[in-house]
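Visitor: Just need the whole structure built from these sequences, with the hints factored in.
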Amino acid sequence: MTASASLGPAVGVSRLARLGRWATDLARALGQPRIWAPLVVPHMRRLGVDSIPIALFLAVFTGIVLALLSSYIFTNTVPIYFVGTMVTKATLLELGPVLTGMALAGRVGANIAAELGTMRVTEQVDALETLAIDVHAYLTVPRVVAATLMFPVVTALAGAVGVLSGMVTAVNLLDLSPMEFWKGARMFYRDKDIWYGLVKAASFGTAVATLGSVSGLKATAGAAGVGRATTLAVVLGCMAILVLDAFWALVLL
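Its first residue numbered 17, the sequence shown is counted upward by one per residue in my numbering.
Treat the hints with care, as some may be off.
[Said to hold, decoys possible] Pairwise CB distance ranges (calculated): (1) LEU180 with ALA39: 36 to 44 Å; (2) ARG50 with ILE210: 16 to 24 Å; (3) THR236 with THR93: 52 to 60 Å; (4) LYS199 with TYR88: 39 to 47 Å.
Calculated directly from the structure, the hints in this document are not laboratory data.
From a predicted model like this one, the values you see are computed outputs, not experimental measurements.
Cβ coordinates follow ideal geometry from the N, Cα and C atoms, glycine included.
Guide: This is the structure we're talking about:
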């Protein structure tokens, strides 16, 4: 009992120490833009632009479901144009950023973890270290910066498509005119509805890319280790998105 009790705090301190070292390494790597800056744009394309189709696919059906659900909830209680309010608010504030972040956590987080994990187990990372190249500046920072910049862009596109698909659904299935839909959308609109979701999306991108890099660079034991690292990156990325979602709601709303 005594040994087990003393082991718990020691493990916690060890994990905090590793987290502190990672934070220090990343901060130092950010101070070397000549290494990571040229690599950001290619990663923006791979991690962001290539993720747009899946984000828009999700957004279309999110808007459809929200419009139908709003109509069901508001039946005989409030004016039907409040469908526009619920679709717009829910898409821009919550479902757009979170669902897009979850989808990208699977695609981007897994991509980063698998790529860096393969480099680790094939000793490419060791070769970089042997050449005195800062691994974090060369591998981690460009991916984190690219994800932080592109998650809001992809989220903004998904939010716009989600609202438009909700409007099309409301007009064609709920006998609501476009003017009535936009009346409801404008009724409770605030500027925060836009930037709040984008701030969340940027933080999601930072977390997903960072956790994917951490998981990948810690991969061991060949292909099996890369698979475990990829799974861990996706799970941790989704958990981080939910935690950050609650955090920003407490801080900004």
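Visitor: Now tell me, hint by hint, if it's right for this structure.
Guide: Evaluation of the provided hints:
no., hint, verdict
1, LEU180 with ALA39: 36 to 44 Å, "holds, 41 Å"
2, ARG50 with ILE210: 16 to 24 Å, "violated, 35 Å"
3, THR236 with THR93: 52 to 60 Å, "holds, 57 Å"
4, LYS199 with TYR88: 39 to 47 Å, "violated, 20 Å"
Checked against the numbered hints listed earlier, the structure breaks hints 2, 4; every other hint is satisfied.
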